[in-house]
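Colleague: Letter by letter, the chains look like this.
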Amino acid sequence: MDRPKIVRYEKPGKVENYPCGAIRVGTLVQDNAGWRILKPVIDHGKCVMCLRCFLLCPDGVIDKSGKILEIDYRFCKGCGICARECKVEAIEMVREGGDEDAG
Amino acid sequence: MADRLITSAKELSNSEYFYGHRACAGCGGSLALRLAMKVLGPRIFVAIPANCMSATSFLHPQVAFSVNCMISPFPATGAVLSGIEAGARALGLKDYHVVGFAGDGGTADIGIQALSGAIDRGDRVIYVCYDNEAYMNTGIQKSGLTPYGSKTTTTPAGKNFPGATGRKKDMFEIVAAHGIEYAATASIGYPEDYLRKVSKAALCQSTSYIHVLAPCSTGWGFPVEETVEIAREAVDCGLWYLAEYENDEFVLNKMPKEFTPLEDYLLKQARFRHLKERDMEHIVHGRDKKWEKILKNWK
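Residue numbers (the numbering used here), protein chains in the order written: chain A, 308 to 410; chain B, -5 to 293.
If you're looking for bench data, these hints aren't it; they were derived computationally from the structure.
The model shown is predicted, which means the values in this text are computed figures rather than measured ones.
Don't be surprised by glycine CBs; every beta carbon is placed ideally from N, CA and C.
Take the hints with a grain of salt, since some may be wrong.
To be verified - Pairs of lysine-lysine, DSS-like flavour, derived with a Cα cap of 25 Å: (1) A:Lys374 x B:Lys262; (2) A:Lys394 x B:Lys251; (3) A:Lys394 x B:Lys262; (4) A:Lys371 x B:Lys251.
Claimed, not checked - Quick partial rundown of chain B residues pointing at chain A, CB under 10 Å, derived from the structure: (5) Lys4; (6) Tyr13; (7) Cys18; (8) Cys63; (9) Phe155; (10) Thr159; (11) Lys163; (12) His276.
Model the full structure from these sequences, guided by the hints.
Modeller: See the structure below:
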């Protein structure tokens, strides 16, 4: 998985420690996983690596660097565009928390 | 840096330059930004005015952009782009792109004079307008690019009004009328076409403009997973078109053999669901007139 890391945020203790002017880009301190109700699961047996899901994910959470496509569940919001657009129906949206929470 | 035309996902890098933003699930605008930045590569300077993308990616201390990026004043995207370009040139930087991402309101209403100025100066900047057809960030108010019949909070639909009654500005043609080096319309429903157009803009020596249709599930009222599908249908039903302007000529990229039924596209969205028969006829009439003009004058 080749995706940005989440760093710990240190609260500035003093006023002079607050950022002024430019701040460091690409700083991630919190994930978006809690937004999700449904989670995409790729069936790698069916996947033909056409990269359509990688192309169309608004959050860019699908990683193509490995032999198989991997999803960064820290930042997936569960919108389901990948499952909808997959031409071979290799992605299934599964309810988070398993069946016991489904009711 | 894009030095050739990119037309497929395979040619894109795996690196993300817009990651961890807090846009709604299934946001079309964030997809438009993400793809454009992937094509242009890491050596870019980004300016964005007030829009969803700046509101959802600069939540201190979190910054979703991993490239140089700044929030410009709302009406000044074009001017800020020119300034960044002049600065980069003065520093003698090489292999970089300056790109701005403004929404439809930030382009067609508030930022139109700065954009016009930038095109007039001919600076080597790329201006991307992601069009979600209303001011979505502030809670869905009508913009100059809101189409006829669309329900927004400032144009509510009721007994006397079918929602917005104006027509969508032809922003692409307004920009083309400047004699710009390259302008194009795109839709995230046709991502390969969009990638090609962004990489083409990157090859330009002066200002280029891309107008990409990016549906907003919150403002348009459709299920989040259908964003790309809706963007595709907008083109298929003839309410949006894929075209380019270069060398003083308009070229149509996709000629639909037959339009898909307009009702299918409109009634999928909550903002159009109130439309009556006569409003639909009005929209069909507007579409046919537009296409008559396109087919007559464009290649």
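Colleague: Confirm or reject each hint.
Modeller: Hints and how they fare:
1. A:Lys374 x B:Lys262: With Cα atoms ~38 Å apart, A:Lys374 and B:Lys262 exceed 25 Å; violated.
2. A:Lys394 x B:Lys251: Cα-Cα ~23 Å, so holds.
3. A:Lys394 x B:Lys262: holds (22 Å)
4. A:Lys371 x B:Lys251: violated (35 Å)
5. Lys4: holds (6 Å)
6. Tyr13: Since the shortest Cβ distance to chain A is 5 Å, the answer is holds.
7. Cys18: holds (8 Å)
8. Cys63: holds (6 Å)
9. Phe155: violated (32 Å)
10. Thr159: violated (31 Å)
11. Lys163: violated (26 Å)
12. His276: Violated, about 31 Å.
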